[in-house]
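Student: Chain residues, written in single-letter form:
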Amino acid sequence: MVPRLPLLAHLGSVSRSRPAPEISSTHGAAAGTAIRLAVRYAARAVPGFALVALWALASLLALAALLALTARPAPAAPPADELPFETTEKRERCDAYDPVRLPYFGTTHLHTGRSFDAAIRFVPPGPRDAYAFAKGDAPVKGVDPTGRPTREYYIDRSLDWGAVTDHAEHFGEVGICQSEDDPARFSLDCQLINGFYWQPGVGLPPSVQRSNASSAFTILVSGSLAPSNLNTRMPMCNSGEGDCDASELRVWREMQAAAEEAYDRTSACEFTSFVGYEMSAAPSGTNWHRTVIFRNADVVDRPISTLDLADTPNARPNLQAPTYNRTPLRIDLLWKKLEEQCEANPAKPDCQVITIPHNSNLGGGVGNLVPPMLFDPDNTENAEFQAKYERLVEIYQNKGSSECRWDPRFVPGGVGTVDEHCDFELLDSTSLTSASGVGAGNSASSAVPPSAFSERSFIRNVLKDGLDIQDDYEGVNPFRFGLVAASDSHNGTMGWHPENASFMGHEGIEDAVPVNSGSNIQNGSGGYAVVWAEENSRDSIFEALERKETYGTSGTRPTVRVFGGWNLDDAADGKDFCKLPAHDLAVHGYEWGVPMGGELLDARSADVLSNGDGASGGDTAPTLVVAAWKDDFIDTPLQQLQVVKGWREADGTTREKVYTVAGKNPPRYELDPKTGERVALPQVDPETCSALEKGEPRLCATWTDPDFDADQRAFYYVRVLEDPVCRWSTHWCREHLQIDPLSPTCTEDLEALRSSTEAKDVIRGQTAAFCCNDTASDVYVQPVIQERAWTSPIWYSPDATERGKLFAGTGGDPGARSRSRADGENRNAAGDTP
Amino acid sequence: MIRSRARFLLRSPAVHFLLAGGLLYLASTSLGPGEAGDGGEVRELRLSTAQVERLREDLRSQLGRPPSQAQLEEAVRRRIDEEVLLDHALDLGLDREPAVERRLAQIAGFVSTTEPAQVSPVEAGSTIAEGSSAVDGSYVGGDRASQAELAELARQLGLHRSDRVARNISIDRASRLIRAAILAHEPTEAALEAHLVEHADLFRAPDRLALEHVEVRDDDPATARARAEALLPRLRAAEADPATLGDRPSVPSRLRAQPERALARRFGHSFAEALADLPEGTWAGPLASRYGWHLVRITERRPGPEPTLEPVRDDVRAHWRHQHSERWLRERLAQLRATYRIEIAGQQVPPSVLAAATEADEEVSS
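Chains as they are written, first to last, in numbering that gives the first Met the number 0: chain L, 0 to 833; chain Y, 0 to 365.
Hints are not guaranteed to be accurate.
Unchecked claim - Over 12 Å on every C-beta distance to chain L, these chain Y residues come out as not near it, computed from the model:
1) Gln50
2) Arg59
3) Leu62
4) Glu96
5) Glu197
6) Leu254
7) Pro278
8) Thr338
Said to hold, decoys possible - Label pairs and their calculated CB-CB ranges:
9) Ala221/Y x Lys663/L: 22 to 28 Å
10) Ser445/L x Arg340/Y: 58 to 64 Å
11) Glu686/L x Thr222/Y: 31 to 37 Å
12) Glu179/L x Arg340/Y: 38 to 44 Å
Since the hints were derived computationally from the structure, they do not count as laboratory data.
Here a beta-carbon is modelled for each residue, glycine too, at the ideal position from N, C-alpha and C.
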């Protein structure tokens with residue numbers, strides 16, 4: 000068994016990877032390994048420069064051997080002790096194993112009817128149904144606006160991997176309320192959870208029903224999620240009316256069993272499930288939610304939920320209501336308790352876990368009372384915990400984009416940015432309490448100015464701040480996030496993100512007609528978390544998540560590859576990387592650089608990563624190789640590749656710049672010279688929804704940073720923009736309601752319906768209420784969007800002293816761990832040199 | 000072929016039940032005056048224009064938009080079947096079941112202000128304040144006689160047909176009872192085996208393809224395609240080692256057997272889809288991938304292994320039971336409908352028309 004290392008005991012590193020044997024990329028593996036071993040042996044006796052020469056020679060030999068062969072048969076998985084990832088479970092290796100990795104599309108965030116907020120909205124499917132849906136085995140049921148399960152949905156193409164992450168809070172209550180025989184299922188608590196007070200079409204007037212549902216949601220939330228302290232379960236648990244402990248265990252075991260049943264342990268590797276849940280703390284409505292994903296079946300006995308994060312546990316849960324106090328919930332307790340009950344728990348030798356925050360766009364904090372979701376850690380210890388467990392962040396999902404915000408309705412429109420492409424899928428709310436949902440009562444109905452948002456609400460700003468605040472934590476950057484996207488759907492529709500009229504909303508009855516309110520129509524259809532992994536198995540994917548070799552998409556499935564390194568122009572035998580066959584691009588990329596999620600060492604001492612020309616590295620700028628292929632199932636061409644750079648100036652201020660490195664960046668807005676108003680320019684043919692200017696099936700760029708300063712910390716992430724297409728809401732309004740958001744007469748048509756004498760027209764007009772909204776209206780809806788992908792950043796840091804810590808969690812290539820060890824040796828040698 | 004089909008039909012439980020049902024039907028009609036409904040006389044079933052419009056309105060509120068003609072027709076069919084099943088339930092006395100009785104007794108209290116007093120607690124010899132509990136709508140159990148009387152009162156008012164809850168329970172019981180004829184019958188091992196063979200595709204793992212390919216790339220796709228086409232005869236004539244032809248491939252040139260999905264991950268979706276049409280063993284193409292043009296030789300087309308019963312037994316059993324019970328329910332409904340003169344929105348409709356859609360479904364599903 001692999002020994003568990005206590006936190007940070009591993010050479011001051013936050014890496015949890017065990018040392019693994021060397022894996023060479025493709026051909027000549029044996030020869031390459033032999034040469035490298037010889038080099039390493041020599042390194043003990045020979046000082047630095049000779050080592051560089053030897054390494055370069057070895058690499059060139061390996062490369063020559065590689066290029067000598069044109070045809071390459073696909074290799075099979077190596078024996079267990081030579082795998083590039085640690086194996087923590089019993090299973091067959093995959094037939095499709097590939098050492099240079101393939102992209103696997105999945106999700107780290109999905110709810111079913113076991114979540115209390117889905118239960119109150121009559122969502123039928125449970126975790127088993129969600130997995131069956133994702134695998135394409137069966138449809139799931141959906142509810143119509145009357146709450147009846149009359150709808151049925153099928154996934155368009157099956158998903159590779161995923162986790163059901165229901166809200167752990169109220170697991171016990173939901174288990175009781177949905178059981179068939181527990182006497183407490185008729186309790187008042189269960190009437191709230193089972194939507195007893197909200198059954199449109201059969202009872203009270205709709206407005207009363209809604210108000211009741213609102214109250215039910217608020218009661219459920221404020222008991223255990225919203226305030227910061229003395230949180231408690233529902234009264235039936237505390238009074239003994241229901242045995243919530245036993246029920247919580249039952250539900251948690253159901254989650255585990257469902258994941259196990261869905262997991263394909265054969266060599267076909269059709270689907271990989273992960274056991275997971277969502278921790279749903281929301282102090283004062285500020286979203287602090289995290290999904291929690293376990294590496295394998297060795298998981299905590301009980302989920303660590305919001306109740307475990309109270310600074311002061313509630314000693315008298317029946318007498319003392321949850322309260323706000325000066326100390327907000329302690330998010331660090333999430334990681335500390337996971338450490339204690341999972342990773343450092345001797346009873347659970349294989350337990351490993353990561354946490355993934357989401358919707359920072361709704362987590363901006365409340366004045367002095369509650370800090371934003373991604374706040375400065377209290378101390379270095381907490382920063383280390385966050386860096387260790389919080390490897391990834393969701394950049395986009397149903398409830399909007401969290402990348403950045405630029406709002407065309409305002410001048411200036413940005414929250415710490417001037418990037419016009421940050422106008423994508425914006426939500427007009429600053430916190431959970433005003434987002435779409437029963438508790439909101441559709442309150443998100445008017446423009447929220449950029450000034451209302453905390454800069455920390457957006458990931459790009461958080462990444463920038465991380466470069467700065469690491470100085471406060473002995474060099475540990477708590478915000479070194481890799482990027483994924485998700486849906487966060489509460490309908491059990493795992494891995495389905497239709498950008499068309501089949502979109503079913505994401506919260507059962509709440510948005511069964513998803514265009515009838517401002518907050519509903521602003522919801523997006525969600526996207527994927529993509530990992531570059533050797534195979535579709537838990538160990539391989541989990542390590543990809545840990546090393547951040549991930550990207551997120553807004554719902555399509557483009558293939559995006561990124562490598563960063565020094566002197567990459569020369570690396571591929573003098574050839575442009577973009578001219579290489581895709582497979583060779585990856586082989587060279589791993590050989591000479593780091594993939595997305597990795598880290599670039601200071602050019603002035605990182606000569607081992609260069610092609611031997613490292614002596615001139617001092618002023619060399621890093622090069623990024625970015626290659627992207629369109630999703631040829633949806634078949635939207637790619638418009639452009641962008642590199643988003645963030646950096647920290649010497650005075651501590653942080654900056655950002657967006658470079659278009661391939662494709663075209665046509666103007667999207669212009670200012671009307673007469674009125675001074677911003678006008679959105681047409682981008683698609685209003686009849687066909689196809690782009691006015693067609694992009695490319697493939698884009699590639701080898702880009703060297705023209706503004707590089709070797710003394711500035713920086714990160715680079717890639718944003719891939721597809722050609723503009725009609726948003727799901729545009730299709731919905733056209734197909735189901737015959738109202739065309741792209742028609743110049745849209746508003747008049749809608750008005751005509753509303754003032755019609757025919758009842759059915761009036762109803763259609765009400766249903767289509769927000770169809771004509773666009774960039775110029777009060778509630779912001781983009782009738783046309785550009786689907787996109789965001790890759791994990793590659794970081795650069797000039798500070799040799801902190802590199803030991805910063806290097807953690809990189810190692811993005813097949814030989815990563817061994818290479819990082821080799822680098823470590825050299826780095827230490829270099830560091831020792833005065 | 001025909002013989003095996005016939006043999007299959009003879010083995011099919013649905014046919015058995017059909018035959019049994021037919022015999023019972025003959026018996027019941029020849030042996031004196033049968034029960035109402037199954038008897039000789041033709042019953043009337045009318046769905047007024049107003050009722051059709053109400054169905055349309057219901058659908059609208061469910062869908063959030065006006066229903067299509069097909070959706071409306073389906074709802075009408077379902078409504079007719081509900082009526083038929085309800086009659087059937089009442090013929091069989093299923094409305095005397097405790098759940099329906101309780102419901103009827105409960106609502107009788109709502110409807111009639113005088114009747115509860117008639118069955119006063121004293122009269123009924125009960126210590127529970129029956130009347131008040133009936134009035135507040137929470138009548139549970141209590142005295143048998145009074146419950147039966149209240150239920151009878153509700154029946155006289157026609158509530159057993161019109162009350163949504165009582166009606167739904169009765170319809171549900173009737174359709175369960177019909178399905179139970181199949182569900183009570185545990186499929187034999189042989190039946191499961193036969194079902195698995197018949198529906199092998201449902202339970203089979205996807206086909207797998209092993210292939211080798213030669214890739215040609217060029218900045219100009221037409222040139223690449225032409226170069227690829229020129230290579231095809233050479234490959235077919237085995238003139239040269241494939242490894243020496245074409246450009247260095249973007250994807251390993253020989254791939255072991257894997258499902259279409261895995262190939263789509265490497266080459267792109269349209270390429271993987273096009274593989275289905277290629278012959279096995281000979282060089283073919285060129286096919287476009289996300290990288291360029293490819294000449295492809297499928298070296299092996301391995302169908303998913305014939306599924307064996309053991310690993311999928313529960314699924315097969317569930318599928319068998321579902322399919323046969325649904326089929327029997329449809330058959331039985333058709334028999335029952337045939338005893339009606341059905342009029343929809345003022346127009347008489349032959350019962351066979353109403354079955355059209357469901358029989359089409361049957362074709363598709365089997």
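Student: For each hint, tell me whether it holds in the structure or not.
Tutor: Outcome of the hint check:
Separation of Gln50/Y from chain L is adequate, the least Cβ-Cβ distance of about 18 Å exceeding the 12 Å criterion. Some Cβ of chain L comes within 12 Å of the Cβ of Arg59/Y; the nearest lies about 7 Å off, and the non-interface call is violated. A beta-carbon of chain L is positioned within 12 Å of the beta-carbon of Leu62/Y; the least distance is around 7 Å. For Glu96/Y, the condition that its CB be more than 12 Å from all CB atoms of chain L holds, with the nearest at approximately 20 Å.
The beta carbon of Glu197/Y is kept farther than 12 Å from every beta carbon of chain L, the shortest such distance being approximately 19 Å. Separation of Leu254/Y from chain L is inadequate, the least Cβ-Cβ distance of about 5 Å not exceeding the 12 Å criterion. Non-interface call for Pro278/Y relative to chain L: holds, since the shortest CB-CB distance, roughly 22 Å, exceeds 12 Å. A cut-off of 12 Å between C-beta atoms confirms that Thr338/Y is not in contact with chain L; the least separation is 30 Å.
Hint check: Ala221/Y to Lys663/L, Cβ distance near 23 Å, so the stated range 22 to 28 Å holds. The given range of 58 to 64 Å is respected by Ser445/L and Arg340/Y, whose C-beta atoms sit roughly 60 Å from each other. Checking the proposed 31 to 37 Å range against Glu686/L and Thr222/Y shows it holds: the Cβ atoms sit about 34 Å from each other. Evaluation of the 38 to 44 Å hint for Glu179/L and Arg340/Y yields a pass: the beta carbon distance comes to about 43 Å.
Consistency note: the structure conflicts with the earlier hints numbered 2, 3, 6.
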